[in-house]
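*Asks:* Let's have the full structure, built from the sequences with the hints guiding it.
Protein sequences appear in the order of chains Y and D. Just so we're aligned: 218 in the numbering used here is position 217 of the first sequence, and the numbers increase by one with no gaps anywhere. Just so we're aligned: 182 in the numbering used here is position 181 of the second sequence, and the numbers increase by one with no gaps anywhere.
None of these hints come from the bench; they were simulated from the model. Since this is a predicted model, take the numbers as computed values, not measurements. Be a bit skeptical, because a hint or two may be false.
A pair counts as met if it fits within one copy or between any two copies, since identical chains are not told apart.
As the list claims (entries may be wrong) - Straight-line distance between alpha carbons at most 27 Å, and here's what the computed DSSO-like set of lysine-lysine pairs gives:
#1 179 with 236
#2 125 with 242
#3 214 with 104
#4 231 with 78
#5 165 with 92
#6 155 with 42
#7 42 with 184
#8 78 with 165
#9 42 with 137
#10 146 with 42
#11 184 with 45
#12 83 with 146
#13 108 with 42
#14 125 with 75
#15 125 with 78
There are 2 protein chains.
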Amino acid sequence: MRIKLTLTYDGTNYCGWQVQPNGTSIEGVLESAIESVTGEKNIKVTGSGRTDAGVHALGQVAHFDTDSSIPPEKFYKAINTKLPADIKVIKSELIDDNFNARKSAKKKTYCYSFYLSETDLPLKDRYSTRLDYTPKVDNLLTLCKGFVGEHDFKCFNASGGGAKTTIRTIYSIEIEQKENELKFFVTGNGFLYNMVRTLVGTLLRFEREQADKTIIKTMLETGDRTLCGKTLPAKGLCLVKVEY
Amino acid sequence: MRIKLTLTYDGTNYCGWQVQPNGTSIEGVLESAIESVTGEKNIKVTGSGRTDAGVHALGQVAHFDTDSSIPPEKFYKAINTKLPADIKVIKSELIDDNFNARKSAKKKTYCYSFYLSETDLPLKDRYSTRLDYTPKVDNLLTLCKGFVGEHDFKCFNASGGGAKTTIRTIYSIEIEQKENELKFFVTGNGFLYNMVRTLVGTLLRFEREQADKTIIKTMLETGDRTLCGKTLPAKGLCLVKVEY
Numbered sequence: 002m003r004i005k006l007t008l009t010y011d012g013t014n015y016c017g018w019q020v021q022p023n024g025t026s027i028e029g030v031l032e033s034a035i036e037s038v039t040g041e042k043n044i045k046v047t048g049s050g051r052t053d054a055g056v057h058a059l060g061q062v063a064h065f066d067t068d069s070s071i072p073p074e075k076f077y078k079a080i081n082t083k084l085p086a087d088i089k090v091i092k093s094e095l096i097d098d099n100f101n102a103r104k105s106a107k108k109k110t111y112c113y114s115f116y117l118s119e120t121d122l123p124l125k126d127r128y129s130t131r132l133d134y135t136p137k138v139d140n141l142l143t144l145c146k147g148f149v150g151e152h153d154f155k156c157f158n159a160s161g162g163g164a165k166t167t168i169r170t171i172y173s174i175e176i177e178q179k180e181n182e183l184k185f186f187v188t189g190n191g192f193l194y195n196m197v198r199t200l201v202g203t204l205l206r207f208e209r210e211q212a213d214k215t216i217i218k219t220m221l222e223t224g225d226r227t228l229c230g231k232t233l234p235a236k237g238l239c240l241v242k243v244e245y
Numbered sequence: 002m003r004i005k006l007t008l009t010y011d012g013t014n015y016c017g018w019q020v021q022p023n024g025t026s027i028e029g030v031l032e033s034a035i036e037s038v039t040g041e042k043n044i045k046v047t048g049s050g051r052t053d054a055g056v057h058a059l060g061q062v063a064h065f066d067t068d069s070s071i072p073p074e075k076f077y078k079a080i081n082t083k084l085p086a087d088i089k090v091i092k093s094e095l096i097d098d099n100f101n102a103r104k105s106a107k108k109k110t111y112c113y114s115f116y117l118s119e120t121d122l123p124l125k126d127r128y129s130t131r132l133d134y135t136p137k138v139d140n141l142l143t144l145c146k147g148f149v150g151e152h153d154f155k156c157f158n159a160s161g162g163g164a165k166t167t168i169r170t171i172y173s174i175e176i177e178q179k180e181n182e183l184k185f186f187v188t189g190n191g192f193l194y195n196m197v198r199t200l201v202g203t204l205l206r207f208e209r210e211q212a213d214k215t216i217i218k219t220m221l222e223t224g225d226r227t228l229c230g231k232t233l234p235a236k237g238l239c240l241v242k243v244e245y
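*Replies:* Encoded structure:
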């Protein structure tokens with residue numbers, strides 16, 4: 002039977018989702034936990050996609066196949082007993098054999114979080130990135146519109162990505178500001194390697210430089226990487242949810 | 002000259018504020034940083050009070066004396082260059098020689114944070130404690146009233162505290178609930194060792210047991226420790242501010 006898992010993790014101490022020659026991966030730790038629970042060998046977990054080293058997740062989705070007699074909806078509790086404190090499964094369910102956590106994914110939402118402060122704040126710094134000024138949210142929202150829609154995002158195509166096509170659809174970019182926090186929620190049908198971190202960095206750059214929205218059109222048409230802003234630190238990024 | 006510091010820290014990796022024979026203390030790390038900045042030896046920092054091992058701070062206050070020529074309001078930036086990422090000073094100012102961070106403190110506010118979830122959530126678990134049910138906030142607020150005011154809190158007097166008197170004044174206990182978070186803000190003129198963690202644990206116990214508010218009167222009058230709830234984990238506690 003095929004089991005669908007929804008999981009959350011603090012990515013700080015991991016080399017990312019995918020198994021790597023060096024470093025501990027979320028995928029690897031999860032597979033070991035499931036093997037330990039089921040007694041099966043060579044469990045293969047398929048995630049909705051990779052999250053990079055240091056990136057967090059509130060609602061990553063994955064699937065695996067098993068012959069275990071553990072009831073599907075109780076599987077997550079058994080797996081959690083074998084997982085470290087920074088990775089937990091919040092839901093497990095029986096799913097059709099045609100379901101594929103990666104290929105069936107329709108929409109993904111990432112959140113990039115900032116805290117606004119002149120000084121580093123340790124209690125914010127683990128899950129968000131410091132910004133030492135307050136950008137104008139209205140201007141940011143105007144700029145966001147330039148990226149929404151189906152576009153060739155080759156300007157964000159980092160080396161090491163290896164994607165077959167750089168065409169993606171961004172459904173929405175929402176901004177939430179409260180007290181000293183600023184969050185960007187980006188929803189799309191998929192993202193290139195590092196794309197969300199660079200996209201948000203580029204929005205900040207353009208806001209700072211008071212650029213006109215037309216610069217985004219130029220950037221998307223020419224694929225000019227020199228127009229990109231900074232690729233922001235991994236710690237501020239979180240995979241919020243995957244929709245099917 | 003005397004300098005007043007306001008600082009914030011993630012207490013996870015420390016044995017608490019106070020220098021201990023074993024373990025690294027916030028106070029010790031701060032003193033070393035100031036010595037390194039000023040070139041002075043035997044810098045003695047006085048905090049508003051101890052925070053226990055694992056307890057966090059948003060606005061701890063401390064003072065120290067120095068002959069350094071660094072402008073007082075710029076001192077914090079110099080100190081921060083010598084501090085680890087989990088301790089940061091957010092403000093430094095010149096203060097009267099009569100000011101004493103401990104003795105002059107009038108009010109302290111602590112926050113105890115819970116997250117409501119059936120499963121451990123790694124992204125919440127560093128700074129709050131999991132609660133697997135949703136208590137009735139109205140009932141909690143009624144119970145809170147029993148503790149507000151000047152009372153002999155000997156029922157909360159943990160061994161190892163060594164306080165001269167167990168009489169304290171609690172000015173207010175406020176509760177904030179939003180989404181899956183529940184926070185208790187407790188303001189008083191001072192607290193016994195472990196008092197906030199046991200007080201909030203006791204409120205939860207009484208709410209769970211549907212106890213009448215009169216039990217608090219009995220508890221305060223008799224000093225009966227067996228009526229106390231659990232002393233909650235340190236990680237959920239944060240010293241929010243100290244007022245002078």
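*Asks:* So, for every hint listed, does it hold in this structure?
*Replies:* Going through the hints against the structure:
1. When the C-alpha separation of residue 179 and residue 236 is checked against a cutoff of 27 Å, the pair qualifies both within a copy, at 20 Å, and between copies, at 24 Å.
2. For a Cα distance limit of 27 Å, the shortest separation of residue 125 from residue 242 qualifies both inside one copy, at 22 Å, and across copies, at 17 Å.
3. Taking the closest pair of Cα atoms, residue 214 and residue 104 never come within 27 Å of each other, the shortest separation being 33 Å inside a single copy and 57 Å across copies.
4. Taking the shortest alpha-carbon separations for residue 231 and residue 78, only the inter-copy value of 25 Å comes in at or below 27 Å, while the best intra-copy value is 40 Å.
5. For the homomeric pair residue 165 and residue 92, neither the shortest alpha-carbon distance inside one copy (32 Å) nor that between copies (51 Å) is at most 27 Å.
6. For the identical chains of this complex, residue 155 and residue 42 are neighbours neither inside a copy (40 Å) nor across copies (57 Å), given an alpha-carbon limit of 27 Å.
7. Neither within a single protomer nor between protomers do residue 42 and residue 184 lie at most 27 Å apart by alpha-carbon distance, with minima of 41 Å and 44 Å respectively.
8. Neither within a single protomer nor between protomers do residue 78 and residue 165 lie at most 27 Å apart by alpha-carbon distance, with minima of 38 Å and 48 Å respectively.
9. Proximity of residue 42 and residue 137 under a CA criterion of 27 Å is satisfied in neither setting, with 53 Å inside one chain copy and 46 Å between copies.
10. For the homomeric pair residue 146 and residue 42, neither the shortest alpha-carbon distance inside one copy (48 Å) nor that between copies (57 Å) is at most 27 Å.
11. Taking identical chains as interchangeable, the C-alpha atoms of residue 184 and residue 45 are never at most 27 Å apart, the minima being 34 Å within one chain and 40 Å between chains.
12. For the homomeric pair residue 83 and residue 146, neither the shortest alpha-carbon distance inside one copy (44 Å) nor that between copies (43 Å) is at most 27 Å.
13. Taking identical chains as interchangeable, the C-alpha atoms of residue 108 and residue 42 are never at most 27 Å apart, the minima being 32 Å within one chain and 59 Å between chains.
14. Taking the shortest Cα distances, residue 125 and residue 75 sit within 27 Å of each other only across copies (23 Å), while inside one copy they are farther apart (34 Å).
15. When the C-alpha separation of residue 125 and residue 78 is checked against a cutoff of 27 Å, the pair qualifies only between copies, where the shortest distance is 18 Å, while the shortest distance within a copy is 30 Å.
Checked against the numbered hints above, the structure breaks hints 3, 5, 6, 7, 8, 9, 10, 11, 12 and 13 and satisfies the rest.
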